[in-house]
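K.L.:
Model the placement of chain S on the given structure of chain B, informed by the hints.
Protein sequence lines correspond, in order, to chains B and S.
Note that the numbering used here has the first sequence beginning at 7, numbered continuously upward.
Note that the numbering used here has the second sequence beginning at 7, numbered continuously upward.
Simulated from the structure, these hints should not be mistaken for laboratory data.
Don't take every hint at face value.
Identical chains share a label here; the pair holds if one copy fits it or two copies do between them.
[Unchecked claim] Only pairs whose alpha carbons sit at most 20 Å apart, straight line, appear in this in silico SDA-like list of lysine to any residue:
1. K147 x H242
2. K213 x A64
3. K174 x G303
4. K147 x D284
Spelled out, the chains give:
2 protein chains.
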Amino acid sequence: MAETNRQIVLDQLPQGKLGPEHFKLVEAERPTAGDGEVLVRTRYISLDAANRAWMQGATYRSALTSGQVMAGGALSEVVESRDPALQPGDLVWGDTGWQEYAAAPAKRLAKLPRLEPVTHLLSVYGVAGLTAYFGLLECGKPKPGETVVVSAAAGSVGSLVGQIAKLKGCRVVGVAGGEEKGKWLVDELGFDAAIDYKAGNLRGQLKETCPAGVDVYFDNTGGDILEAMLFAMNVHGRIACCGAVSQYDGAAPAHGPRGVPGLIVTKRLTLQGFVVMDFDDRREKALKDLQAWVAEGKLKVQEDILEGLENTPGALIGLLAGENRGKRMVKV
Amino acid sequence: MAETNRQIVLDQLPQGKLGPEHFKLVEAERPTAGDGEVLVRTRYISLDAANRAWMQGATYRSALTSGQVMAGGALSEVVESRDPALQPGDLVWGDTGWQEYAAAPAKRLAKLPRLEPVTHLLSVYGVAGLTAYFGLLECGKPKPGETVVVSAAAGSVGSLVGQIAKLKGCRVVGVAGGEEKGKWLVDELGFDAAIDYKAGNLRGQLKETCPAGVDVYFDNTGGDILEAMLFAMNVHGRIACCGAVSQYDGAAPAHGPRGVPGLIVTKRLTLQGFVVMDFDDRREKALKDLQAWVAEGKLKVQEDILEGLENTPGALIGLLAGENRGKRMVKV
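With the rest of the complex left out, here is chain B:
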C-alpha cells in the first residue's frame, strides 16, 4: 500500500460556468485515524447537481471554499477503525470528499448493508432513491389517475420519480433534454410521454402531453421549466421542490419565475421544499418499499459509472450539462 492519498482540490470557486480549471489533482499524505475516527478507502464517489450548488453559497450545508478538498458523498470501505461502532471491511456512506482515503469521525458515517450490486447503495437505495421516494410521496402526494410531471427526468432522481408515480397509478410525463432521452423514458422506463425542453415551446408540449393539466410536479430544475409548470398546474396542485439544476452552474439568477405568487394563490398550489434528511425517521419503510419494487422488476435502476478519481471533475461538469442517464458515480 502506498502512503499517498490522491485528492481533487477545489482550486478556485467558479464565477460563471464550472470548468476543469477550477479543480486541481494533488497528492497528499495518507491520513491516519484519530481516537473515535476511522480511515476509509473511497470506492464510489456520488456525483450530484447539489455539489455545484454548494459552490454558490450556504445551502443546507455551509458553502465550499477554494483550496479545500472537493466535498461530496461517497461509498467507502473501512480500512482501520478506532471506534467500536465500525470494523475494517464495513461499507459506509458519508461526505468524505473527492479523495482516495479519508479519516473521519465514525459518528459522521452511516454503515451500509452488504448487497449486490454495491452501486445500488448510491442510487436507488441511496440519496437519489430516497429523494425520489419522499419527495414524490410526501410532498407531491399523488393520487391514482392524476398527472405527474418530473423534470430532469432522465437523471438519477427523476428516472425513479417517474417510475414510482407509475406504480401509484398516475399518468407520468418526463421533461428531459433531447429526443433520445425522451424515447428512453417512454420505451424503457414506461413513462406515458416525454417533453424535450431543448425543442422549445414548453407550454405547447405541456398542453399536448398533459391534456387534463398537471396535478403534481416534481421540480429538479427551477427556472423556465418551473415557470411553464406554474401555468400548467391544476387547482390544488402540488409542487415538490427538490432542486434547481438549471440555476446552479453560474451566478445566482436575478429573478424567479413569473406567476409567483399570483398563480399559487389563484390555483391554490402548494410548493414544498425538502431535503432527504428531513425524512430520516421513515427511512426503513422507504428502503423496504424500494427493495421490493426492484426485486419485483417494477423499478429499473439506471447507473452511469465512470472510472478514475482524476475524472471526477469532468463527471460533474458533464452531469450539469445533462450528459448522464440515471445515477452518475465515479469508481475510484
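P.N.:
Chain S only, in chain B's frame:
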C-alpha cells in the same frame, strides 16, 4: 320607490393603473326577480384588492370584461323573493356587483344572521375574517413562540392575522406603508413591531424586528416584500399565499421573486396558496372562535366605511394605493 337602478359599469379594462376613467355611472331599469330568484337592495359593498385582480384575467373566477356592471361582493337585503329559501328582510351576501339593486338566483346568495353592527358581517365575520383565520391557522400553522410576519398588515385581513397570531402566542411583526400605520399596529392592535416598506431597506428592518428569523409569513402583497421574506425565513418556515396586491394594479409582472425555488429547497419552505372557499366545511367553527374573541375584546375590528355608490370606484383606487385602515366598504 323609484323604478331605477344606479350601477357602476366597468367601462374599460385598465391596461396600467386603475383610474376613475375606467368606470361609468349609469342608470338602468330596476330588475325583477324571476322564478327561483330574489331581488335585493345593496346595503354595503365590500372593497377588496381581488376586485382589481379580476380585471387582469381569469383567477379563481372568470375575468371581468368591459361593459359589465362591476363585480364585487356586497351585503344586501332581500326586497322580493321568488324562492322559499329567502324572505323579504333577510340579509344576504353575494357577488351582486356595484349597483343599488340586483336580481339573483337565491342559491347563489348566502343568508346571514342579524347582528350588530351589521358591518361586521363584511369584516371580521365575512371574507376578511375567515381569510385571516384559515390562512394563518391552516396554512401558516403558527406555534407559540414563533415569529409571524404579515404584509398589508393594516388592511382588513392583515390587521386580523396579526391579532390572531398574538392570541396564539407568537411574536408578530406587521409590514405596512408609513410610520403612522406602523404605530397604530403596535399601539392599538398589539403587534410587537412594524416594518415600513416605504422606508426601504426591507432586509435590514427584518433583521432588526425579527432577530430569530421568521417562521410564518402571511403574504398579501407578493413582489419585493415576498422576495425579502424568502431570505428572512427560517428552515421549515411556512408562507401562506393570500394575495399579491403589489402586482394587481398594472400589467402582470414580468418576473417573480428571486430565491424561487432555490431558497424554498434549501430552507425546506412550504408556500401554500388558498382562497377562503376552500375551507367552507370548517366555517362554523371559525365564526364561533372569531365571535368569542371579539366578545372578549381580544380582537379589535377596524372598519373604514365610505358613503355613496358613486364613490365606489374611488374607494377601490384608494384601497390599491393603501389609503385604508381595516376593512373598507361603501354604504349604498
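K.L.:
Each hint needs a verdict: does it hold in this structure or not?
P.N.:
Right, here's what the structure says about each hint:
1. Proximity of K147 to H242 under the C-alpha cut-off of 20 Å is found in both arrangements, the shortest distances being 11 Å within a copy and 18 Å between copies.
2. Within a single copy, K213 and A64 get their C-alpha atoms only as close as 37 Å, which misses the 20 Å cut-off; across copies the closest is 18 Å, which meets it.
3. For a Cα distance limit of 20 Å, the shortest separation of K174 from G303 inside one copy, 15 Å, qualifies, whereas the shortest one across copies, 51 Å, does not.
4. Proximity of K147 to D284 under the C-alpha cut-off of 20 Å is found in both arrangements, the shortest distances being 16 Å within a copy and 18 Å between copies.
The structure fails none of the hints (numbered hints given earlier).
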